[in-house]
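Take the given structure of chain X and dock chain P to it, following the hints.
Those sequence lines, one after another, are chains X and P.
Per numbering that gives the first Met the number 0, the first sequence starts with residue 0, numbered consecutively.
Per numbering that gives the first Met the number 0, the second sequence starts with residue 0, numbered consecutively.
In case anyone wonders, no lab produced these hints; they're calculated from the structure.
Facing chain P, from chain X, some residues (calculated, C-beta under 8 Å):
hint : residue
1    : C57
2    : T86
3    : L87
4    : S91
5    : S107
6    : Y108
7    : F109
Since the model is a prediction, treat every value here as computed from it, not as a measurement.
Every residue gets a Cβ at the ideal spot worked out from N, C-alpha and C, and that includes glycine.
2 protein chains.
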Amino acid sequence: MINTITGNKDFIEFYRGKKATFLLALSNTKTNEIPNLIQTTSSELNHLISTINSEFLCLGEVRSIQDDKNYLKYVQTSALITRAVHTLNPYSNIEILNLGLQVKPKLSYFKTYDFDMKESRRIDDGANINALEVFQKAITFAQKFECKDDYIILGESVLAGTTTAKATALALGYDVQDKFSSSFSNESNDIKQSTITKALSRINKNDDVFSILGKVSDNMLIFTAGFILGLNNKIPIILAGGTQMACVLLIVNSILKQMDGRIESSNLCLCTTTHKNDNKNSNLKSIINMCDFKVNSYYANFDFSLSNHPTLKLYNQDEVKDTTAAGASLVYGYLNGLTQEQITLRVEELLT
Amino acid sequence: MINTITGNKDFIEFYRGKKATFLLALSNTKTNEIPNLIQTTSSELNHLISTINSEFLCLGEVRSIQDDKNYLKYVQTSALITRAVHTLNPYSNIEILNLGLQVKPKLSYFKTYDFDMKESRRIDDGANINALEVFQKAITFAQKFECKDDYIILGESVLAGTTTAKATALALGYDVQDKFSSSFSNESNDIKQSTITKALSRINKNDDVFSILGKVSDNMLIFTAGFILGLNNKIPIILAGGTQMACVLLIVNSILKQMDGRIESSNLCLCTTTHKNDNKNSNLKSIINMCDFKVNSYYANFDFSLSNHPTLKLYNQDEVKDTTAAGASLVYGYLNGLTQEQITLRVEELLT
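One chain only, chain X, in its complex shape (with noise of 0.2 Å):
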C-alpha cells in the first residue's frame, strides 16, 4: 500500500504508530488570476481556495465562503481525503503557517503563524517577492520550532502552485520541461506554457538563486526549502506533494550548491499519490535524483475505484492529485492502519 519511490522502506516504516504534527503552508500567488490556467468551480473564489481547505481540514466547515449549503464543491477532493484521515486517525496537532493569504483562515484554538507575507504576483509579470527575507524567517521559525510528535508532515495549499513550481525548477536550470508538465498532470496546457515562457523570459544570467525565486516562485516553495534548511534534520519531516515538493528540493538543492554547503538528509522525506502512469513516477524519481542529496520518497496507493459516487468516480479518471497533503495523509492512515476502505467511506460520508 506504501511504495518505494527513492530510497528504501526503512525510513517510512521506522515511523509506523507514530505520532505526527501537521504543519499547513498556504499562500496566495496572483499567478491563480490567469484565465484560464486552472480549472475551479468558481474562478472568482480562487483566492479563498487555500483557505476554505484549512477551514474544512481543521473543522470539517468551511466558514470563508458563504455558500453554506454548496460549500463543498469549492473544497479540493484532496482536502476531502486528508480530512477523512484525520477523522479516522487524527494528528496529534494541526497549525498553520500562513505565508501570505488573502484572507485568514477562521479558527480559534488552532494555532496559526503569522509571517507578514503579502500575497505574491503574477509569474508572468514578476513574482515580486523578497526571496531572502522569506528565506530567513523560514530558517528562524525553524530553528526555534518545537515539535511535540515525533515527526512533521509539511502540506501545502498553493492554488496555481504546480505552474510556479514547474517555472521554479526550469529557471534554476534543471531539466524538467518533460518531467513537470505533460506527465504530472493533464492541466499542461497552452497557457500554463506560455505563462511559464513569460515568466522565464524575466530571467537574467547574472541572477543568483534568491533572484530567480524573487521572480519566478512562491512563497510556499522558498518558505519551505528554508524550513528544510533551518531544521537542519533534527526533527524528521515528511514534504506532502508531489511536484511542488519536488521543486522545494531542488530549490534547496541550488541553495546548497550557491552556499557551497551539504545537508545531512537522513530525516527528509517526500510522500504523494499513486500516479495510474508509472512513467509519472519514474519522473517525479528523476527529479527527486536530481539533488546532491538523499531523500527517501514514497507513494501511496489509492484511488476511489471502490466509489460509485459520482463525484468521487470523476476524479478516478484522472490521477489523485497531491495538494493539502492527501498523498502524505494516504500514508499516515496506512501507517497507522487505515484501509483503502475505510478511507473511500469516509470521503463519502464527508460528501454526503
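For chain P alone, kept in the frame of chain X given last:
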C-alpha cells in the same frame, strides 16, 4: 457525529487526536435513600452504585457487590459505554476522586485521591455539607494538579445527583423549573418534586451561596465548581455530563457573582449525550447561557438503534442517560476515529 450546543466547533476539533486524563468524581448523597426517588435494580445497594461504576470502568469487573454472576445488572449503562470507549481507544490515565463515598472502590494501581469527606445527607433533611471547606479543597487540589495529557475529562457518578442538581440550581435563583425536570429526564415524579420543595424550604433569604450549597447540594457539584475555578483556565477541561454539569456551571457563576469575580473560560467545555427530543438540547443550551461567561458545549450523536440486545433496546427507548462520562466518552471516541457501530458492538460484548 459531534454536534455543537453552544459556542462553535473549534474547541472540540482542536482536541481531535489529543490525549485525555479522565478524572472520575464520586460521591454519595443519602438523597438516594429516599424511597422510590430513583429506579435501581436493588435499592439497598444504591450506596454502592458509584463505587461499582468506577470499578467497572477501570477493570471491567465489579468487586464491591457480592453477586458475581449478575453484577452487570447493577452497573449503569452509561458506565458500559465509557468502559467500551476506554477499551477501544483508551484514556491515557484514569484517576478517582473520592468525594465522600460510603465504600471505596477496590482498586490498586489506579490513583485515588482521598479528600476526607463524608457522604452528604438527604437534601429534604438538609445536606449538611461544609460547602466552603469542600470548595477550598477543590481549589487547592486544582492548583497543584498536574495534567500529563492534553486535557482533562471530568466525569461523575452520584446517585440521585440530578435531584440535588435541580434543587441547587433553583435554590441559587435560576429559573430552571421546566428546564431540568420535565425535559431532561423521565424521572420527574412527585417524589422528586416534593424532595426538592422540601429542600428549598430550608433556604433563608440571608443565605449566601455557600450556605445554600451546604443545604441542598452534593459534594461533587461543589467540588467540581471549585476545581474549575482553581484550574483558572490553565488546563483545558471537558465537563462530562448534562444537567448536573450545567448546574456546576451555574454554581461557578453564582460564586463569581458573590465574589464579584470573572473567569477566562476559553478552555472550559461541556459534553453530553444525544437527546432525541430537540427541545431538551435547547433547554440545556438555555441553562448554559444563563452563565455570564461563555462555554463551548457539544453532544455526541449516539443511540443503540444498531443493537438487538434486549437490555440496550430498552435503554434506547429513553434518551441515553449521561452519568460516568458517557457523553464525553462518546465524543472522545469519535474524536479518535471510533464509530457508533464499533462502540455498540463493544458494549454488547461487555454484556455477554
